[in-house]
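**Q** So the protein lines, in turn, are chains A and B. To convert, note that position 45 of the first sequence is 34 in this note's numbering; the numbers rise steadily by one, no gaps. Take any residue in the second sequence, count from 1 to its spot, add 47: that is its number in this note's numbering.
None of these hints come from the bench; they were simulated from the model. Bear in mind that the values here come from a model prediction, so they are computed numbers and not experimental data. Just so you know, even glycine gets a beta-carbon here, dropped at the ideal spot from N, CA and C. Check each hint, because a few of them may be wrong.
Said to hold, decoys possible - Pair ranges (Cβ atoms, derived):
| # | chain 1 | residue 1 | chain 2 | residue 2 | range |
| --- | --- | --- | --- | --- | --- |
| 1 | A | A0 | B | V317 | 21 to 29 Å |
| 2 | A | R75 | B | F78 | 45 to 53 Å |
| 3 | B | L496 | A | R75 | 38 to 46 Å |
| 4 | A | G18 | B | M272 | 15 to 23 Å |
| 5 | A | A59 | B | V97 | 24 to 32 Å |
| 6 | B | T106 | A | L51 | 15 to 23 Å |
| 7 | B | Y450 | A | M(-10) | 46 to 54 Å |
| 8 | B | F524 | A | G18 | 24 to 32 Å |
| 9 | B | A237 | A | I48 | 15 to 23 Å |
| 10 | B | F112 | A | A0 | 50 to 58 Å |
| 11 | A | I54 | B | L252 | 47 to 55 Å |
| 12 | A | M(-10) | B | V97 | 51 to 59 Å |
| 13 | A | C55 | B | S245 | 51 to 59 Å |
What the hints assert, rightly or not - Capping the alpha-carbon separation at 20 Å, the derived lysine to any residue pairs in SDA-like fashion look like this:
| # | chain 1 | residue 1 | chain 2 | residue 2 |
| --- | --- | --- | --- | --- |
| 14 | B | K198 | A | L63 |
| 15 | B | K197 | A | R75 |
| 16 | B | K198 | A | I69 |
| 17 | B | K197 | A | S(-7) |
| 18 | B | K197 | A | A0 |
| 19 | B | K251 | A | L(-4) |
| 20 | B | K150 | A | L70 |
| 21 | B | K251 | A | S(-7) |
| 22 | B | K198 | A | R76 |
| 23 | B | K197 | A | R76 |
| 24 | B | K251 | A | A0 |
| 25 | B | K251 | A | H41 |
| 26 | B | K198 | A | L65 |
| 27 | B | K197 | A | I61 |
| 28 | B | K251 | A | I69 |
| 29 | B | K198 | A | A0 |
| 30 | B | K198 | A | A66 |
| 31 | B | K197 | A | A66 |
| 32 | B | K197 | A | L65 |
Residue-level listing of the chains:
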Amino acid sequence: MPLSAYLSLAAVLFSIGLFGVITRRNTVGILLGVELMLNAVNINFVAFSRFHGTALGMIFTLFAICITVAEIALGLALVILLFRMRRTSTADHIDWLKG
Amino acid sequence: MNGFVLAPTAPLGLEIGLGLLMLVVLSMGLFRPSTPNRLTGWVALIGLLVLTGVAFAVTPGGSLFAGSFQVDALAVFAKRLFLVSAAISVLATLGMSSDRFAKRGSEYHFAVLASLLGMLVLSSARELILLFVSFELMSIPLYFLTGFLKKDETAGEGALKFFLVGSVSSAILLYGISFIFGATGTTNIAAIAIAMASGSVFVKLGLVLTFAGIGFKIAAVPFHMWVPDTYEAASTPFVAWLSVAPKAAGFIVIFRLYLEGAGSTAMVWVPLVSAMAAVTIIAGNLMAIPQKNVKRMLAYSGVAHIGYLLMGFAAVSASGTGMILFYLVAYLFGNMGAFLCVQAVGSAEHSDDFDAYKGLAQRSPVLALSLLVFLLSLGGIPFVAGFWAKLFIFRAIIDQHMYGLALIGAMATIVALYYYLVLSARMYIEKPDNPQPVPIAAPLLVAILLCAVGVVVMGAYPEPWVRAVMDAANGLF
C-alpha cells in the first residue's frame, strides 16, 4: 500500500479523537479521545519509518507509548480525585471555576 | 569545567546533579515519612542554590550523544534562568504554612525538580526524540503540582482542565513532529532547515501543527483558555513559577525549531506569528480589564506578555531573539514578584480579590512598594526592567519595518497600565478595612525582595543584561 493510505488512516483517526475530545461530556471519554489522537500519531511514525527505511520512527513510537501511559495514568488519577469530591465524572458538572 | 564531574559526562553535569538532588528529596519522604515538610524544602533550596552557582560558572561548549545534546550559549542562558526561577519559587514555598502540604512536602519538591530537569534537558536538546521526552518530563509534573492541594475544592478542577488542554496539545505537537520526521527522515533538528529550504510541504505542515502545540504551552491566544482557571486553582508560589519557566522553555523550543539555522526560510513564519502576537496582546489585555481576582488579572496580563514575546519572534533577527530573552528575565522578576506579593496578601486575607488590597500601603509599606514596582515593571513604566524589555522589543520589530505591529503593542501597553494602576490605586489611595500589618513569612519576604532588587537593577543598569542576552542569541543566526 502507498504511504498516503497510512497517512490518511492516521489523519482520520486523529480527527475522530479530536472530535471526541471536543464533544464528549464524560471526562473518561475525553481521555479516550486523547488516546486515539496519540495512537494516530504512532501510525504516522511507523508509516514514515517504513517509507524512509529507518528504525528511528519506531524508536520514537516506543517513547511516545511510554509517555502516553504516564500521561493518561495521571489524568485518570485526577478524574478519580474529582469523582471522590463531587460524585460526578461529567465535564459539564465540573464548573466551580469561572472558566 | 566542573572538576567533580567525570570528564565524559561533563556537559550533563547540571542535569546529573539535579537528578541526585531529586533522589535525595524523594528518599527523604520515602524512608522518613515523618520528615518535616520544611526540611525537604530547605534541602531542595540549598541543592538548587549550589546548582545555580555551578550554572553561572559553566562556560558554553561541549556536546554528548552524537550531538543530540549540546551545551551552547543559549542553552546555558536558559538553564540559568530556569534554575534561578525554580530557586525563587522553592524559597517562597518555604513561607507557606506547613499543614497545607499534609505531609507530602517531599512529593511536591520532587515534582518541581523533575519538571526543572525536563526544562534543563530541553534547553540543550537538538534531537526530536530527546526534545519530546524532555518536553513531557517538564509538563507532566506541572499537572500534578496544579492539583497538589487536593483538599481545596478547586485544585482538582484546575488541574484537570490544565491536564486535558495540555495532553491534547502534546498530541498535536507530536502529530506535527511526526510530519517533520516524515519530511526529513531523521530526528536531527538541523535537518529541518534543509527540508524547509527544499520547500517540502510536510515539514511546513509539521511545523504549523507543532506551533499550535507549543502555543498551548506558552498560552498564546487562541490557546490560552486554561490559564486563568489553572492559576486561580493552584498554590501561588507554584503559579509564580508556572507563569514564567514553562513559557521560557516554550520559547527555547521555538528558537530551536524555527530559527536556528533556518536562515531566510524563517521569514515564512512572519505573517502567522505577527498575527498571533497582535491577537494575543489585544485579547490578553482586554480580558484582564474586567477581572476582580488579582490572580486571574495577572493570568490574562501574562497572556498579553506572551504576545509581546511573540512580537520579538516575528522580527526574526538576532536582536529580536535576544530581546525575547531580555524580556523573559524582566518578566521572571516582575511576574514572579507580583505573584509572590499575591501569596503574601492572600495567605493573610484568605482572598485574592482586589478588595483585599485596600490600603495595603498603610498596612505593609514594604510589601505595597514591592508590588507597585512589579506592576510598574509589568506595565512598562520607564526605569524599571519592563520598560527596557518593551522598548527593545519595539526597536527590534521597527528595525524590520513592522510599524503596524509596534503601534498595536504600544497602544495595548496603555490599556495594560489601566488595570495595573487600578490595583495600585487600591493599595495607595483607599483606606484599609483592617489596619493590622500583613504578616509575611521570612522566606517569602526574602524572595519578594530578591525579585524587587532584580527589577530595579535591570531597570537601572540594562547594559550588562543586554550583552548577556545578545551573546546567547547570536549563536542562532
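**Q** For the range 45 to 53 Å, tell me whether the beta carbons of A/R75 and B/F78 fit it or not.
**A** violated (35 Å)
**Q** Is the straight-line distance between the alpha-carbon of B/K197 and that of A/L65 20 Å or less?
**A** holds (15 Å)
**Q** Given the hinted pair B/K251 and A/S(-7), is their alpha-carbon gap at most 20 Å?
**A** With a Cα-Cα distance of about 17 Å, the restraint between B/K251 and A/S(-7) holds, given a limit of 20 Å.
**Q** State, for the Cβ atoms of A/A0 and B/V317, whether the hinted interval 21 to 29 Å holds or is violated.
**A** Because 28 Å falls inside the window, the suggested range holds.
**Q** Starting from B/K198, check that the Cα of A/A0 is at most 20 Å away, please.
**A** violated (41 Å)
**Q** For the pair we were handed, B/K197 and A/S(-7), check the Cα-Cα distance against 20 Å.
**A** It is violated: about 47 Å lies between the C-alpha atoms, which goes past 20 Å.
**Q** Regarding A/G18 and B/M272, is the given constraint of 15 to 23 Å on their beta-carbon distance met?
**A** Given a distance of about 19 Å, which is inside 15 to 23 Å, the answer is holds.
**Q** Can the restraint linking B/K197 and A/I61 be considered satisfied, given a maximum Cα separation of 20 Å?
**A** Holds - the C-alpha atoms of A/I61 and B/K197 are around 18 Å apart, at most 20 Å.
**Q** Between B/K251 and A/L(-4), does the CA-CA distance stay at or below 20 Å?
**A** holds (16 Å)
**Q** Hinted pair, alpha-carbon criterion (20 Å max): B/K198, A/R76. Please report holds or violated.
**A** Distance ~15 Å between B/K198 and A/R76 Cα, so the pair holds.
**Q** Could you check the hint for me, namely that B/Y450 and A/M(-10) are 46 to 54 Å apart, CB to CB?
**A** holds (52 Å)
**Q** Just to be careful, I want the Cα atoms of B/K197 and A/A0 compared with a cutoff of 20 Å; is the pair within it?
**A** It is violated: about 37 Å lies between the C-alpha atoms, which goes past 20 Å.
Violated hints, in rising order: 2, 6, 8, 10, 11, 13, 17, 18, 28 and 29; the structure is consistent with all others.
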